[in-house]
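J.: Note that numbering that gives the first Met the number 0 has the sequence shown beginning at 0, numbered continuously upward.
Read the hints as simulated data drawn from the structure, not as lab findings.
There could be a bad hint or two in this list.
With a cut-off of at most 30 Å between alpha-carbon atoms, the simulated DSSO-like pairs for lysine-lysine come out as follows [unchecked claim]:
hint	residue 1	residue 2
1	K467	K227
2	K348	K467
3	K479	K234
4	K479	K494
5	K227	K179
6	K374	K436
7	K467	K234
8	K99	K263
9	K479	K169
10	K436	K488
11	K494	K418
12	K467	K179
13	K325	K263
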Amino acid sequence: MKKYIIGFGLLVSIYLPRATAQDRAFVAASSAPGAARSTTPAPALGAAPSVTGDAAPAADPISAAGVKAEFVRSWDAYRKYAWGHDLLQPVSRGHADWYKESLHISPIDAYSTMRVMGLETQAKEVEQYIIDSVTFDKDIFVKTFEVNIRILGGMLAMYAYTQNPVILAKTRDFGDRMLKAFRSPTGIPYYWVNLRTGEAKGAKVNTAEAASYTFELGLLSYYTRDPKYYQAGKKATMAIYSRRSPIDLVGFEINNETGEWLNKDAYIGAGADSYFEYLYKSWLLFRDPELRQVWDRSIAAINRYIPEKIDSSVWYGRVDMNTAAKTSPAVTLYDAFFPTILALDGHMKLAEQFQATWNRLWNKYGLEPMGYNYKTGVPTDPVYDLNPEIIESAYYLHHITGDNRYLDMGRKYYSDVLKYCRTDIAFSSIADVRTMKQNDELPTFFFAETMKYFYLLFGGNPAVNIDKYVFNTEAHPFKKSDFQPAEIKTRLGIK
């Protein structure tokens, strides 16, 4: 659930954990002298892939076929204007990179959606590009959390689909480089790690950045038969959990060298979200009983102390981790992922109430604002970054309940995205949901998550579903039956 301003600035008094606003901050900074930005089309790799039929207009644009056609149209634009770079700029037809060198994040993030949609030509080209042209031996500091969910997660999905040992070798190489961030006194990773030198820095991390690694590192351990990866991720998770309060809540921001909480707000949204998501999903895929115990105590405390009902809405604001006193009614649209986990764990009434709350907020503006104060009813950050969380929750709830009101929600969301975010070549984030002015930004998770969840919600590939697959926070799917219980214990070192 997930893609921010981390390290660049504050948003509703918190740091956001994934890269939407990171992309936003980067693009804003990219106009500075020397920034990695260009409006010159990137050179294509060979001939453009055939999309005959794939990109033809659908009879019903708000359908799986319509979503697929728009994905292909947007991917063709990336390929034409941004090939070899991290991001497409969908208004100026330019491109941008997160750092001084590209990490090829868009193709890595988009790959699993191509496979889910049956876009084999595009997927094969990405595979070959990764094999022939991509190296992670780069003298750059990268954000540990972001590259874990996007690059490592995307590469693991590529290996899961291809079983290509060259892909696995590149994936392991990246994992080894990233793992050097975990060499702290607590085992909690540093915010930054240099992919070439292994130097790590940035002791202040939020909870999501500190402990959202068991899923990807568990997969890497399974595929390589080396438990060191999962054990490193689990150590970070347990370092956070062991510092919980007497009422079983964890704070928001921690020093990874001292283990001291720097911010004692407890909540489920941006900055904490994937910590909770991965407690449950890592247990769901790997069945580590210790993670299940951590999840059970955590969700019990969350649902006891955090929800606040106002009229017909339920909000998860922020509370003090030690006293549960309400500290802020500030929420972010990333919170809208939480119905997925509530529903998976059987808290259906609360999941449906929370989804209805966010659905009302979407309909209030026609898109969701990034930040919102539910007491004043005013956006604290009016940006919409093409986020998938509310769409993801609609998909999960529709699949679990069969209730078509969630399908209707999804149709409304996609209709609004088409209306306000579509550009001549792709889709753009929105600077202000009150004016619907477009930014010149297309976050990579639009390919990885937003379009995938629309496609699945509209019935595009029924074989890929949450009964058979577990999705990482970037929506990369992993088939449960590919992981054998006895092998999991051995390869991950689970006792």
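J.: Hint by hint, which ones does the structure fall short of?
T.: Failing hints, ascending: 8, 10, 11 and 12.
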